[in-house]
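Taking full-length UniProt numbering, I'd label the letters of the sequence shown as residues 1 to 100.
Some hints could be false.
What the hints assert, rightly or not - Result set (DSSO-like, lysine-lysine): computed pairs, CA atoms no more than 30 Å apart in a straight line:
| hint | residue 1 | residue 2 |
| --- | --- | --- |
| 1 | K67 | K6 |
| 2 | K57 | K67 |
| 3 | K67 | K19 |
What the hints assert, rightly or not - Beta-carbon label-pair distances, calculated as ranges:
| hint | residue 1 | residue 2 | range |
| --- | --- | --- | --- |
| 4 | E31 | K10 | 30 to 38 Å |
| 5 | V76 | L2 | 17 to 25 Å |
| 6 | I20 | E49 | 14 to 22 Å |
| 7 | Y63 | K6 | 18 to 26 Å |
| 8 | N65 | L27 | 30 to 38 Å |
| 9 | E38 | K10 | 16 to 24 Å |
| 10 | K6 | N65 | 17 to 25 Å |
| 11 | R58 | L27 | 26 to 34 Å |
What the hints contain is simulated information worked out from the structure, not anything from laboratory work.
Ideal placement from N, C-alpha and C gives every residue a C-beta, glycine not left out.
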Amino acid sequence: MLSVDKRYRKRGIARTLVKISMEAMKLDGVEEITLETEHDNAPALSLYESLGFIREKRLYRFYLNGKDAFRLVLGVPALEDELESEDEDGEEIPSNSSNL
Numbered sequence: 001m002l003s004v005d006k007r008y009r010k011r012g013i014a015r016t017l018v019k020i021s022m023e024a025m026k027l028d029g030v031e032e033i034t035l036e037t038e039h040d041n042a043p044a045l046s047l048y049e050s051l052g053f054i055r056e057k058r059l060y061r062f063y064l065n066g067k068d069a070f071r072l073v074l075g076v077p078a079l080e081d082e083l084e085s086e087d088e089d090g091e092e093i094p095s096n097s098s099n100l
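Take these sequences, add in the hints, and give me the full structure.
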């Protein structure tokens, strides 16, 4: 579970925590990252989708409170591209490939 105290939101903390977790999973050799979040949690969905996650499935009454969830997935190739294309502030980093 990932949660940032309301007083500290909108500072990139969640994005940083997710990216650190993604990097650790990449180093562990995972092939795919899967997660679930409540279907109406727009900030979380926006964050995960901005990092390349794709909604795979809606899970009806997934949580004990009866709420639905979305399952999101990210393959490792997409993970490598995402981590290599952004700096710490989420800014795009130019590719090092040369034009031959």
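The hints, checked one at a time:
no., hint, result
1, K67 - K6, "holds (22 Å)"
2, K57 - K67, "holds (14 Å)"
3, K67 - K19, "holds (27 Å)"
4, E31 - K10: 30 to 38 Å, "holds (33 Å)"
5, V76 - L2: 17 to 25 Å, "holds (20 Å)"
6, I20 - E49: 14 to 22 Å, "holds (19 Å)"
7, Y63 - K6: 18 to 26 Å, "holds (21 Å)"
8, N65 - L27: 30 to 38 Å, "holds (35 Å)"
9, E38 - K10: 16 to 24 Å, "holds (19 Å)"
10, K6 - N65: 17 to 25 Å, "holds (20 Å)"
11, R58 - L27: 26 to 34 Å, "holds (31 Å)"
Violated hints are absent here; each numbered hint is respected by the structure.
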